[in-house]
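A.B. asks: Please model the entire structure based on the sequences and the hints provided.
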Amino acid sequence: MYKSKDKDSTIVITRSSGNGGGNGSRETSSSNWQTSREKSTKRTKTIHPPIECHWQLPPIKEDKKSSLSSSSSSSSSFKSMLSYPLKLGGAMKKIGRTKSMQQVLEGNHDPKDEHLVQSFREMLFLEVQLPPKHNDYHTLLRFLRMRDFNFAEAKEMFLNYLKWREEYRVDAIHKEFKFEEHERVKKCYPHGFHGVDRNGRPIYIERIGMIDVNQLLQVTTVERFVRYHVSEQEKTLKLRYPSCSIAAKTHVASTTTILDVQGGLANFSKPARYIFMEIQKIDSCYYPETMHRLFIVNAGSGFRMLWKVVKAFLDARTLAKIKVLGYNYLNELLEVIDLSCLPTFLGGNCTCDDYGGCLLSDKGPWNDPDIAEIVQAITTTTDEENNNGEEDHIETTAPQSALARNMKIRGLETALADTKKKIEALEDLLDQTKIALKGLTLHIEDLKSF
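Whatever position you read off the sequence shown (first residue = 1), add 94 for this note's numbering.
The set of hints was computed from the structure by calculation and includes no laboratory data. Quick caveat, the model's predicted, so the values are computed rather than measured. The reader is advised that the hints may include incorrect statements.
If you anchor each label on the Cβ, the simulated ranges turn out as follows [as the list claims (entries may be wrong)]:
| # | residue 1 | residue 2 | range |
| --- | --- | --- | --- |
| 1 | Glu-270 | Tyr-368 | 22 to 32 angstroms |
| 2 | Ala-266 | Asn-229 | 14 to 24 angstroms |
| 3 | Ser-434 | His-228 | 45 to 55 angstroms |
The beta carbon of each residue, even a glycine, is placed where N, CA and C say it ideally should be.
C.D. replies: Right, here's the structure in full:
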């Protein structure tokens with residue numbers, strides 16, 4: 095197997111010592127929640143380490159029998175992993191409600207990030223009734239990272255995200271939306287997920303040089319295509335990332351993307367640009383920090399000229415994740431992707447003949463029945479804890495409810511203290527006014543005596 099020379103070294107940059115919540119100590123007092131926009135706009139954005147770097151699963155303890163069987167094949171190795179408290183049914187009970195499978199999947203958190211996320215959560219409780227399904231560590235951390243740990247900006251972004259999900263009915267898409275034109279769209283817009291990179295992240299591929307926009311708009315509409323894109327993003331968050339995490343035995347929370355621009359951008363008409371702008375807006379505003387690396391391959395001179403213009407509008411964090419490559423790109427891709435996960439049209443050895451092509455296969459751990467069963471168990475358990483209000487779920491929600499009450503009480507106490515100070519100031523002013531009036535009255539009496 096081709097061995098990667100380094101792991102994420104190209105974008106692992108230490109946190110800056112700038113202002114506005116992105117400093118080394120990361121102050122989290124309430125005064126820093128209201129960091130001024132003037133400072134934030136002048137601040138250079140920090141290029142953070144890969145989002146999964148602190149999320150490692152605990153080591154799996156295998157007995158001698160499972161160790162012997164695991165050495166025989168990769169499939170038996172996976173089954174031995176399942177014997178660690180990720181089995182269904184009775185094994186779930188062994189973990190206990192306080193250490194659910196989802197907590198095992200999350201692994202260890204960076205203590206600094208953990209502290210910041212908790213402070214951000216407390217801040218949000220003062221503003222909004224935080225939905226349990228969006229009150230998880232990873233979601234809040236993604237929004238904080240996207241705004242460089244500026245609490246005020248991250249809060250605004252997160253509240254817009256909640257509003258959008260409600261108005262767009264995102265949670266109902268999997269029930270209400272059926273994209274029957276899926277295969278026809280793939281023929282005029284070749285794209286799809288295909289395998290994982292060397293660190294277990296899902297690989298997403300688009301052949302944008304082969305897009306036939308006119309044909310695309312004959313088989314679907316812009317609105318339906320955008321809704322389809324949102325449904326795929328939800329599937330990635332809820333199925334692909336958890337499945338990859340289980341298979342890789344480490345938390346996976348971002349995607350490696352390959353854009354093949356061979357064929358040029360001659361087909362990028364106004365409707366095509368509109369579609370891409372809508373998708374880009376959705377991804378950056380509502381699914382932040384989900385792109386790990388982006389490789390643009392087969393970039394000719396025409397694209398490179400365009401890229402010089404485009405990159406001027408991108409921030410340093412985004413540019414650090416993008417690599418524009420010409421026609422000799424294979425060695426670069428092999429640094430992070432195995433040949434078996436690269437389609438033949440990208441120099442790999444996979445054809446997915448059984449599925450009619452690699453971009454129709456949706457190849458990945460999320461299609462493994464055993465993994466899918468585990469993810470479904472995690473999802474079901476989480477939904478029950480969020481929605482049913484059962485006795486065994488009080489342990490999770492009670493601290494949140496208590497925290498919400500305490501934070502609101504603290505906010506009211508602060509407001510009352512401010513009101514009390516204002517009243518005292520008014521009383522002082524009233525006393526001074528009385529003294530002045532008394533002096534004026536005496537002066538008037540003196541004038542009357544003349």
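A.B. asks: Now look at each hint and say whether the structure bears it out.
C.D. replies: Here's how the hints hold up against the structure:
1. About 24 angstroms separates the C-beta atoms of Glu-270 and Tyr-368, a value consistent with the hinted range of 22 to 32 angstroms.
2. Distance hint check: the CB atoms of Ala-266 and Asn-229 are about 20 angstroms apart, consistent with the given range 14 to 24 angstroms.
3. Against the hinted window of 45 to 55 angstroms, the Cβ-Cβ separation of Ser-434 and His-228 comes to about 36 angstroms, which falls outside the hint.
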